[in-house]
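Trainee: Going down the list, the protein sequences come from chains A and B.
Residue numbering for the first sequence follows our numbering, starting at 890 and increasing by one per position.
Residue numbering for the second sequence follows our numbering, starting at 890 and increasing by one per position.
Honestly, the hints are just simulated from the structure, not real lab data.
EDC-like cross-link-like pairs, simulated, lysine to aspartate or glutamate; straight-line CA separation at most 16 Å:
| no. | chain 1 | residue 1 | chain 2 | residue 2 |
| --- | --- | --- | --- | --- |
| 1 | B | 1077 | A | 1032 |
| 2 | A | 920 | B | 1085 |
| 3 | B | 1077 | A | 948 |
| 4 | B | 1028 | A | 1078 |
| 5 | A | 1028 | B | 1078 |
Number of protein chains: 2
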Amino acid sequence: MNKQAKTKYGIHSLLENRWSPRSFRDISIEKEKLQRIFEAASWSPSCFNEQPWRFIVGEKGNETYNKILEGLVEFNKKWAVNAPVLIVSLAKKYFSKNYKENFHFLYDTGQAVAHLTFQASYEGLYVHQMAGFNFETIKNNFDIPDEFYIVTVIAVGYIGSPDLLDDKLKESENSERVRKELSEIFFKEKFGLSWE
Amino acid sequence: MNKQAKTKYGIHSLLENRWSPRSFRDISIEKEKLQRIFEAASWSPSCFNEQPWRFIVGEKGNETYNKILEGLVEFNKKWAVNAPVLIVSLAKKYFSKNYKENFHFLYDTGQAVAHLTFQASYEGLYVHQMAGFNFETIKNNFDIPDEFYIVTVIAVGYIGSPDLLDDKLKESENSERVRKELSEIFFKEKFGLSWE
Chain A
890 MNKQAKTKYG IHSLLENRWS PRSFRDISIE KEKLQRIFEA ASWSPSCFNE
940 QPWRFIVGEK GNETYNKILE GLVEFNKKWA VNAPVLIVSL AKKYFSKNYK
990 ENFHFLYDTG QAVAHLTFQA SYEGLYVHQM AGFNFETIKN NFDIPDEFYI
1040 VTVIAVGYIG SPDLLDDKLK ESENSERVRK ELSEIFFKEK FGLSWE
Chain B
890 MNKQAKTKYG IHSLLENRWS PRSFRDISIE KEKLQRIFEA ASWSPSCFNE
940 QPWRFIVGEK GNETYNKILE GLVEFNKKWA VNAPVLIVSL AKKYFSKNYK
990 ENFHFLYDTG QAVAHLTFQA SYEGLYVHQM AGFNFETIKN NFDIPDEFYI
1040 VTVIAVGYIG SPDLLDDKLK ESENSERVRK ELSEIFFKEK FGLSWE
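Looking at chain A on its own, in the form it has when it is part of the complex (with noise of 0.2 Å):
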């Protein structure tokens, strides 16, 4: 299995070499660790300052777990069960200070995520993100306020074989990663012309 990006110039190599997948080893992620992939998520930049996420963890055998679990659609229930932490990912919708619309709290809760998958990748773990969910599940789940929009759930933990998957998700385990062209995003002078 070789997942690492087909990079034409080349990059730093956790972000060439993290993607994610589905299978997960049956062990336990070390306290530590979690420590520093949550603290790396708190360093993010936002919009000022408001650090909009929040985030809700449970591991493998405790309540929290059980009740994340219970909130995924039945595909992603089916492989996330092996991951040893899952962790729901909220955003808050409206500035602290004035109780304003904030524009930016998914973009920034983005960011935080992003920030909290370079320290796992960096800590050896991998890091799958999931859109599929009953939002209603997990809000009565954990007492979710209003205020907060539930954003994705993400499996984390130490990779496993794709051996362990069914052969479906096998397949999806070992095929390449592919991206849009260079040109087909940067562009110059205006929308659509290569900046490349």
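Starting from the known structure of chain A, arrange chain B on it as the hints suggest.
Mentor: Chain B in isolation, oriented as in the chain A frame:
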């Protein structure tokens, strides 16, 4: 000036030393470095691998740069004019495959910008993201299609001395970085109960 994050558990040095300056040195960025920071963004994860992010890149002296600068609010114009590179980030609102709304377009674009920032830090560059710009000016200056949301303007460059700034901005440049405690953002059992 010491802007290093005051961490409790310790995080990767590229995250620890990242911050958002307003003073930039008057030197351009090597093309190879731009290529790598852009490629880093492109390898970010996204919902269904949609890669909703797009970027318009202006380099000091060219028309694109001037058209981005024109769109900034006065407060940002004042300092951002010293950055060698200004980038507009855009995010596609719909999935390309079926034109359904993509609820993760902003979250995913935030992650791509965090990837860009991580690589920039590795290259010795600094990044400052801005929400203060005129939406219509940017939209018109670059013929941006309606299906794209204009998210942020991003200044990138080599860091300059705080003395290049006026007194008020200089104070902000020298101030300590602060963040919420982990106990305020990482929970277990229910919303608000500290994980730590």
